[in-house]
Amino acid sequence: MKSPASSRRHTAVGLLLTGIMLFPVYWMLNVSLTPQQDMRKSPPDLFPLHPTFEGYRAVLHDQMPYLGTSLLIGLGTVAATLVLAAPAGYSLAKLRPRGGGILGLALLVAQMIPGIVMAMGFYGVFLNLGLLNSWWGLIIADSTIAVPFGVMIFTAFMSGIPDELTAAARIDGAGSWRTFWSVVLPVSRNAVVTVSLFSFLWAWSDFVFANTLDGGGDLRPITLGIYRYIGNNNQEWNAIMATAVVASVPAAVLLVLAQRYVAAGVTAGAVKD
Amino acid sequence: MTIARVDRRPHRSPAVSGAAGGADRCDVPPRRRRGRDRLTALGFLAPLVAYLAAFYLYPLYRNLDLSLRDYTVRSFVAGDAPFSGWDNFSQVLNDPTFGPALRNTMVFTFVSIALQYAAGLALAVFFNRHFRLSTTLRALFLIPWLLPLIVSASTWSWMLNSESGVVNYALHLVGVPPVDWLTSPHWALASVVIANVWIGIPFNLVILYSGLQNIPGELYEAASLDGASGRQQFRRITFPLLRPVSAITLLLGLVYTLKVFDLIWIMTKGGPGDSSSTLATWSYQLAFGTLLPHFGPGAAVGNILILIALVFGLLYIRVQRRQEA
Chain A
1 MKSPASSRRH
11 TAVGLLLTGI
21 MLFPVYWMLN
31 VSLTPQQDMR
41 KSPPDLFPLH
51 PTFEGYRAVL
61 HDQMPYLGTS
71 LLIGLGTVAA
81 TLVLAAPAGY
91 SLAKLRPRGG
101 GILGLALLVA
111 QMIPGIVMAM
121 GFYGVFLNLG
131 LLNSWWGLII
141 ADSTIAVPFG
151 VMIFTAFMSG
161 IPDELTAAAR
171 IDGAGSWRTF
181 WSVVLPVSRN
191 AVVTVSLFSF
201 LWAWSDFVFA
211 NTLDGGGDLR
221 PITLGIYRYI
231 GNNNQEWNAI
241 MATAVVASVP
251 AAVLLVLAQR
261 YVAAGVTAGA
271 VKD
Chain B
1 MTIARVDRRP
11 HRSPAVSGAA
21 GGADRCDVPP
31 RRRRGRDRLT
41 ALGFLAPLVA
51 YLAAFYLYPL
61 YRNLDLSLRD
71 YTVRSFVAGD
81 APFSGWDNFS
91 QVLNDPTFGP
101 ALRNTMVFTF
111 VSIALQYAAG
121 LALAVFFNRH
131 FRLSTTLRAL
141 FLIPWLLPLI
151 VSASTWSWML
161 NSESGVVNYA
171 LHLVGVPPVD
181 WLTSPHWALA
191 SVVIANVWIG
201 IPFNLVILYS
211 GLQNIPGELY
221 EAASLDGASG
231 RQQFRRITFP
241 LLRPVSAITL
251 LLGLVYTLKV
261 FDLIWIMTKG
271 GPGDSSSTLA
281 TWSYQLAFGT
291 LLPHFGPGAA
301 VGNILILIAL
311 VFGLLYIRVQ
321 RRQEA
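From first to last, the protein sequence lines stand for chains A and B. Position 85 of the first sequence, counted from 1, bears residue number 85 in full-length UniProt numbering, the numbering being contiguous throughout. Position 303 of the second sequence, counted from 1, bears residue number 303 in full-length UniProt numbering, the numbering being contiguous throughout.
The set of hints was computed from the structure by calculation and includes no laboratory data. By construction, the Cβ of each residue, glycine as well, lies at the ideal position given by its N, Cα and C atoms.
In silico negatives: residues of chain A with every beta carbon more than 12 Å from chain B:
| hint | residue |
| --- | --- |
| 1 | LEU49 |
| 2 | PHE53 |
| 3 | ALA58 |
| 4 | LEU60 |
| 5 | GLY76 |
| 6 | SER134 |
| 7 | ASN190 |
| 8 | ASP218 |
Computed, partial: chain B to chain A, Cβ under 8 Å:
| hint | residue |
| --- | --- |
| 9 | PRO59 |
| 10 | SER154 |
| 11 | GLY302 |
Straight-line distance between alpha carbons at most 20 Å, and here's what the computed SDA-like set of lysine to any residue pairs gives:
| hint | chain 1 | residue 1 | chain 2 | residue 2 |
| --- | --- | --- | --- | --- |
| 12 | A | LYS41 | B | SER162 |
| 13 | A | LYS41 | B | VAL166 |
| 14 | A | LYS41 | B | ASP180 |
| 15 | B | LYS269 | A | ILE230 |
| 16 | B | LYS269 | B | ASP95 |
| 17 | A | LYS41 | B | GLU163 |
| 18 | A | LYS41 | B | LEU173 |
| 19 | A | LYS41 | B | PRO178 |
| 20 | A | LYS41 | B | PRO177 |
| 21 | A | LYS41 | B | ALA170 |
| 22 | A | LYS41 | B | SER164 |
| 23 | B | LYS269 | B | PRO100 |
| 24 | A | LYS41 | B | VAL174 |
| 25 | A | LYS41 | B | GLY175 |
| 26 | B | LYS269 | B | TRP187 |
| 27 | A | LYS41 | B | VAL179 |
Build out the structure end to end from the sequences listed, making use of the hints.
In structure tokens:
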């Protein structure tokens, strides 16, 4: 059908386009390895000819606690999201509760509320409750990004599980909880992975809530670590970019290990099967 | 970010539900059974409902309350600010920043979306040809969308730096004088649009690509047998058949782009002056950006933003429902 020559030409164009698209990522890596004295050189070095790891040493020195906090908050958000979203998805998909349609609509609308508005509201609530600058307050706030999404992914996925399967569990004498825990949840592994991935990534990347609700605490996430760097030592761009590279690692890992889940998450909701 | 929705599948067929009901054969009479089922359904939902009330509705209520009262730092803590009705809103609407912020929000949103969509569609059509490495390269295109926004924003900040940025160096190579991307009021908005388009292309590419997958290949075969050129095939087949997916992509992009805050705040803080401030950054600026916080007006701007987002959001829901019908 297609000549090999045209396919090769397409591959070449594709490589070129990908190169252009990913240039900023390459540049981040390049700058992270550039020695401080070459940072403002003109023309800039297009390749790290004299790579230095002083930027990464600065990361090891300054940013480890921030990375640890982000990991904690990411995992906490994943746990909170799964605990809230999976049972709700099961209920909406299989138990047909009264008012389920309205709840679905509410979840859809919830995803449209701007983050800064939520941040401002949370600031008021947390201030009065004394939750500002606490890591688990941030987990609560970050989970609001992922929970509506999670419920909808679970609902969509569990609707596809044949009713015969849950009916069979019932005949064997399993209650609703057993059916959910031992039959529905194991079958929904893909949905669990997708929801976990996205809730981790969103919590890890969150800047709005962190900057609003956790500006002065002991445990601050990596996004604030970078932000402080930009604010404080405006000049050490290799350290800033090295931190950025390290902060991008989860995204890279996800893309390599779980690409099909990522694509599934992006298209969920946008395209009809 | 993506907006997910509940898949509306047809209810289970009466035959299946009858079989399942018959198989239940419990000693509980049917009516009590149904009542218990309903309770179980609610039990599984209860944590979510409580959560939504406590961590969505209540913060939103707090925000509404903020915008209707005259708050100071002291009364913010004490919670005894006097009710001031629409004062915050009228103050905000008469503020000299309101006009530029609204205009910038619209320019930022519509220009970003137009460019993202155009680039995403072109790339989707390109990748739909399945050449060697196409799957891998398409996956790599997702990277900008997965990176934390602070990473993309700070990388672009340095690339667009007036003196040492690689973008100005590239312009210099083709004979264009350097541009003060982030520090000139003429270019600040353009700079954040460029960065935002870069982040948004993957999302458009993925959705439009999966839309293209649903167009049957026979249509193209028939068209090329009839002698239709590639351009004609795009105009007569691809574009019309992609319209439902395009509508969803654009509306989702709209809702998402209206909310953008991190990127602009990190790159320009809305400046210089008001030249790149949008409703989102202005709202944050009012509430948290100065030593003397103006929570009331900040919340008022936030609520105006919600209103605008909901208009497009409801439009999205309508379009989607109609497509499913």
